[in-house]
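Using the sequences and the accompanying hints, generate a full structural model.
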Amino acid sequence: MILTTIEQITRWDIKKMAYFRELPNISYISRLPDVSSNEEYITVKNLFKRAKLRTDIVNIITAFNYYQVEDNQRPEVVASKLYGDPELDWVILITNNITNVREQWPLSNNDLYNYMLDKYGTEQSLSSIHHYETIEVKDEYDRLVVPSGLQVDSNFTVTYTKFDNTLSTISPVKQVTNYEYETNTNEEKRKIRVLKPAYLSAVITDLRNIMKYDQSSQYLNQTTKQSYNPNLTGV
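So the sequence shown is residues -15 to 219, counted in this note's numbering.
It should be emphasised that the hints constitute simulated quantities derived from the structure, not laboratory data.
Glycine is no exception: its CB is placed at the ideal position from the N, C-alpha and C atoms.
Check before you lean on any hint, since a few could be wrong.
[Said to hold, decoys possible] Here are the computed distance ranges between Cβ atoms for each label pair:
1. ALA186 with VAL142: 46 to 54 Å
2. LYS196 with SER92: 54 to 62 Å
3. TYR25 with ASN94: 21 to 29 Å
4. GLU24 with ASN84: 29 to 37 Å
5. LYS158 with TYR99: 21 to 29 Å
6. TYR99 with PRO181: 27 to 35 Å
7. LYS173 with THR106: 34 to 42 Å
8. LEU151 with ASP126: 15 to 23 Å
9. TYR165 with LEU31: 28 to 36 Å
10. TYR25 with ASP55: 39 to 47 Å
11. ASP126 with ALA182: 38 to 46 Å
12. PRO8 with ALA186: 17 to 25 Å
13. SER111 with GLU172: 16 to 24 Å
14. VAL142 with LYS196: 51 to 59 Å
Here it is, written out as structure tokens:
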């Protein structure tokens, strides 16, 4: 299962993002059909080893800017634009806690449309109702009665007291189509935060240190450890 996952990811992602080159290795028991002994290993990336920003840096609000990802902008393009180096795309990803680029990074407009067709089946289905949500309502004193964006039933109502002590019942509900839902979800993904260049060197050094292995029974070197081999013990 681990090897299958690694094969699926490395075929696409290791070519595309330098982030995976920062991951340490595991010398894993080979499951390939042409192995000649129980002691053959294959070196793969340790996808379970993750680095994150230090809490003290995360808590420095001024260490980050907000950035709007443009259409067709991949992480390496953003890194090149902000840091002058496309291979620092992994800093962009870690800063935003992105572990799956295909699902967590915004799709291009064309890819989004194709994704919606695959998901909902037909172009007509894109105009079907996905859910209902509230519209913002304020009273005569500009006090918030109903916030916007709450997912509710189609027959949702709310009753509140007006300034003349009379009760008012309203149904502040709007339809959200499949197209609108997927578009809005994708647009939210465009809003990312980016580390300011002044903090870049310290963060890169810190993250690379986190990726190094500590001494253990599996330790081979700072970037590689060997998995347990039950074939050698007969277990």
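Now for the hints, and whether the structure bears them out:
Here the CB-CB span from ALA186 to VAL142 is close to 50 Å, well matched to the stated 46 to 54 Å. With their beta carbons about 36 Å apart, LYS196 and SER92 fall outside the hinted range of 54 to 62 Å. The beta-carbon spacing between TYR25 and ASN94, approximately 42 Å, falls outside the hinted interval of 21 to 29 Å. The hint said 29 to 37 Å for the Cβ distance between GLU24 and ASN84, and at roughly 31 Å that hint holds.
Checked against the given bound of 21 to 29 Å, the beta carbons of LYS158 and TYR99, roughly 24 Å apart, stay inside it. Against the hinted window of 27 to 35 Å, the Cβ-Cβ separation of TYR99 and PRO181 comes to about 33 Å, which satisfies the hint. The hinted range of 34 to 42 Å is not satisfied by LYS173 and THR106, whose Cβ atoms lie roughly 25 Å apart. Here the CB-CB span from LEU151 to ASP126 is close to 19 Å, well matched to the stated 15 to 23 Å.
For TYR165 and LEU31, the Cβ-Cβ distance of about 31 Å falls inside the hinted range of 28 to 36 Å, so the restraint holds. The supplied range of 39 to 47 Å is met by TYR25 and ASP55, whose beta-carbon atoms lie about 44 Å from each other. For ASP126 and ALA182, the hinted distance range of 38 to 46 Å is satisfied, since their beta carbons lie about 41 Å from each other. Distance hint check: the CB atoms of PRO8 and ALA186 are about 21 Å apart, consistent with the given range 17 to 25 Å.
For SER111 and GLU172, the hinted distance range of 16 to 24 Å is satisfied, since their beta carbons lie about 21 Å from each other. In this structure the hint that VAL142 and LYS196 lie 51 to 59 Å apart at CB holds, the actual value being about 56 Å.
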